[in-house]
Amino acid sequence: MPWLSLAIFLPLVGALGVLLAPVRMARWLALGTSGVVLLLSGGLFAALERGRPGFQFEEHAAWVPSLGATYRLGVDGISLPLIVLTAFLTLLAVVYSWNVVDRARPYFALFLVLETGLIGTFSVLDLLLFYVFFEISLVPMYFIIGIWGHENRRYAALKFFLYTRVGSLAMLLSILALYLGTSPRTFDLPSIVAAQPYPGTGLAPSLILLGFFLAFAIKLPSFPFHSWLPDAHVEAPTAGSVLLAGVLLKLGGYGLIRLALPTVPGAFERWALPIAILAVVSAIYGAAVALAQPNLKRMVAFSSINHMGYVLLGIASAAVLGASPEARAAALNGAVVQMVAHGLITGALFFLVGMLYDRAHSYEIAKFSGLWARLPIYGSLVAFMFFGSLGLPGLAQFVGEFQVFLGTLGVFPALAILALLGVVLTTAMFLRTLQRMFFGDSAEGSTGFKDLDRREVWTLAPLVLAVLVLGVLPGGLLSAIDGVSTALVRAMPLPGR
Amino acid sequence: MSGLAGLVWLVPVPPLLAALALVFGRGLAWRPVAATAVGAVAVSLAVAMVVLVAVASGERAAPEVIWGSLAGRPLVVSFLADPLSALMGVLTTSVGLVVFVYAAAYMRDDAGYRRFFALFSLFVGGMLLLVVSGSLLLLYAAWELVGLTSFLLIGFYRQRQAPGRAAAKAFLVTRIGDLGLLVGVLLVYLTLGSFTIAAVNTAAASGALAGPALTAIALLVFMGAAGKSAQVPLHVWLPDAMEGPTPVSALLHSATMVAAGVFLVARLYPLFLAADSALAVVATIGAATAVLGAASAAAQRDLKRVLAYSTISQLGEMMAGLGAGALDAGLFHLVSQALFKACLFLAAGSVGHALGSTDLAVMGGLRRQMPRTFLAFVLGAWALAGIPPFSGFWSGDAVLGALWVRFPVLFWVVLLAIGLAGFYSARALLLAFGGARRSAATVHEGPVWLWAPAVLLGILAAFGGVVDGPFSGRPLARFLGVGTGAETANLLVTGLALAASAAGIGVAVARYAAAVAHPAWRLGTPKGFGGLAVRGFGFDQLYAATLVRATGVVAALLAAFDARVVEGLVQRAGLAVRVLAGRLRGFDARVLDRAANGSAGFTLRAAQGSERWDARRLDRAVGRFALAWRGASGRLALTQSGRVNEYFLGVVLWGGGTLLLVALVVARG
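Chains as they are written, first to last, in the numbering used here: chain A, 77 to 573; chain B, 2 to 670.
In case anyone wonders, no lab produced these hints; they're calculated from the structure. Virtual Cβ for every residue (Gly too), placed ideally from N, Cα, C. Hints are supplied without guarantee of correctness; some may be wrong.
Said to hold, decoys possible - If the Cβ cut is set under 10 Å, some of the chain B residues that face chain A in the computed set are:
{"hint": "1", "residue": "Ala30"}
{"hint": "2", "residue": "Leu149"}
{"hint": "3", "residue": "Ala169"}
{"hint": "4", "residue": "Leu188"}
{"hint": "5", "residue": "Leu559"}
{"hint": "6", "residue": "Asp563"}
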């Protein structure tokens, strides 16, 4: 069975169905489709053979043979967790959006189209196809922000769109250069990696790296390419924010790992230190700016910049070919786990922020106090995710940050210690927010709020469970990732060869 | 019986399960909730006793499970049954059990009793997990679990701001230390390739781990210990931490949270023994903490604050003992302090319960209305003051004996702290229970469960110390299998300790005994040095004025930078694009042109790499792409005001268009 194709295109079919179905049926159809996709991807994850190098569940078909572009799919322990994450968050976005009445059919359809784009991006092994899916994932989000967003949605949507476009065009140039440099010419990623058309650290590989880096640093986002993110988040509807933070940002980290790291390893190593420094700056900057935000949603958005900084730091450390393979593998493991964990935790945080907005129609931190005593379930879930986000052991994100720090300490010790400053700032930020909004007497106007209803609890409970399970028993995820990253760092040629 | 030491992993399980059960035990009445929590700790105590007996008969165990894999290596989580973990397991569960029984009565009328016991169980479970950990990774996780639950317990009364602030402060300050510990743990793994405690201790003892790496790891670990065990300069969270319910303070200040740091140093003691400079740091910080805490305690006006600062001081003494190379002295003091401090906090809670306040100014004469609480407090205070034969005397003496040999200067510092302990113990006793009543409120003894646990702990505190006195051959040192800093009793040291305590008590009696006899006497507001001491020597103000403010300012500056400069650049770039798109001339456009030329050059360069490439064809393709793109953008702008169906049409067109375009490029290639 072409399982991956099924996972990619089922949502697209579902989207068509949603558009054509009667309004009452639309959300059920969306729920069913995303549920099946989750089962499918979860099944693939369970069936993934651990410790086997290379791609699995591969599909290969001719597409444009004259160009060496093929329809090639395949996943491994790095991409499959992100696919499951996508399916998981899409399903929860549908559950959360259950009562959307404003143009519900296109709304649900767009989320399904987005799912197709994202799962496609994580599954393809052909660079041209990668570009196509990368772009496809951009469009639905543009409309989700632009139509269902808040007051300033047009501006935010356009900014998001243009920003990412600039990056993806740079990526296209790099892809073309790789295509042209490989003989015979091909867009096939494994073939390009095997051929290593641009070895060394010269100008050409550096420029190719630059193209990739621009595209993916914008997507992550890393300082100074981040300014689309806070606007996009603040204006996006809740479910849009969840997928934006939960999955779209991961395209950046994934692209760096899948495309940049193996195709131009020499250049990546050469620029690893500056990239790592940028990552640390990003981590500290994101945390510090988040600390100063009066707007809760903006704060969570900036905290993403901090967390994705660790992803970039892990990848940069993994790129240093001369360092200990164990440290590099740990750093890469950490980057992947961090992406999954951030997807779950920050996804949940955006749900939670949205639930508050649904009640109070405000994101202003200063407007709230004493929420915990009023809304015990809500308060406890926020606290849970806050602590998850500040890297408490036993919750998913610690598993990622721990390994990023472990690996980085073995490669760039000073940077690893500097990066911890970001952790202190994040801790301060979340604790202060918790104290201001959740302790004390209830603020005026917040007395009428109801605690979470069943739909909301059902949206969040799976995330709580996932964060807890990945934090306490990360073995299943780690075993999938670890084999691939160990093989990846060992396969990368040593300098001088 | 053999193999029982291997049960050590079971010790933390009952409270953790109880916590889980209570989280989901919605609507449970007080009785089953309390029974579950108390029962779980009792079961843990039984298991810990079994382990202790097994360990005492010479058994050792290190059960382990494989948790996952890390960079190709299996990640092992292990537990450890040895004298240290067995001793701490029994201490934590026994003090825990008494405090839990007390808490069952104390929290009976609180609507949040279920939440309280769920958290309290998790707190104790976390501490026990920390104690029995055989791997630093598991230890660190448990360490943070203790931090989390202490946050939730200190902030238990969430309808007020102050507990939230105290809880956040506790978590943040201890976390700064924790990050040091984390780096230490990571360094251990990077140097040894293992997280197990046994591996670290073996490597340190054998010299395999040596030099700067050893010292760095020891100091980083101590950073974590200093945070949890409230050592200067990370001690500022502890005085505020009493915002939580009294049973929390009683346990947090005795056998759990604050004990964790001292335990950690003891756990990795071979590491410290191998690093002389680290040991000296531990001793110096410990001694400084001891005297600063004691001086602050001596000036406090609130009974619980006296006890809180006293805890800081006692923790300093423990660290000083460990730093002086006397593992048994430090641990002995840990045990005796756990007993008498839990006793004192429970007694203070009983007073607070009856009086509605723990302000010393409104007390006085409570010995008549609350004789049983008074009895408990007297036992605890005597032990704290270092009066023989109560336990604090013996353990304090052991610490001093070790310091006398190793750090003569620090000896005098700690001696001063011990003298101050005599003073503030006697002062608190006199101000709370002595003399005449200073307020008209009628108070009376609470129910039996509010005073009996305190009395029980008081009795243990009073006479438990004899067990390990210098005249009983230091059984603790033998049990732990270590040499002691002071094998034989040093009569000079003992004499000096007694004199210091007596002097402190004497000063307190001279100053307050007669005064408090008058109901009209008022506790004055301390000024000058006393005023400084009340505020804990201004650490809070210092941090607020420097670190906290600087962080706030920098964060605000960066946020402004982000809003103005970064955003401004983006706006400029956006403008530039628009200008370019409108084919207008201007500087921005020229810059972009150059960039475009640059990328075209790059494309050319790439093109040169291949023989068959026709640059013009690419140009044409790119040009067509750009045309289509501009057309699509224009259509987009038009449709934005339109209906959703149009939007959707746009998506389909755009997606299809891109696909078509790419196919076109590809086909022509």
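Going through the hints against the structure:
1. Interface restraint check for B/Ala30: the shortest CB-CB distance to chain A comes to about 18 Å, outside 10 Å, so the restraint is violated.
2. The closest approach between the C-beta of B/Leu149 and any C-beta of chain A is roughly 6 Å, which is under the 10 Å cut-off, so the hint is satisfied.
3. With 10 Å as the threshold, the beta carbon of B/Ala169 comes within range of chain A, its nearest partner Cβ sitting at about 4 Å, so the hint holds.
4. With a cut of 10 Å, the hint placing B/Leu188 at the interface with chain A holds, because the nearest CB-to-CB distance is about 7 Å.
5. For B/Leu559, the interface hint holds, since its Cβ comes within 10 Å of a Cβ in chain A; the closest pair sits about 5 Å apart.
6. Hint status for B/Asp563: holds, given a least beta-carbon distance of 5 Å to chain A, under 10 Å.
The structure shown violates just one earlier hint, number 1.
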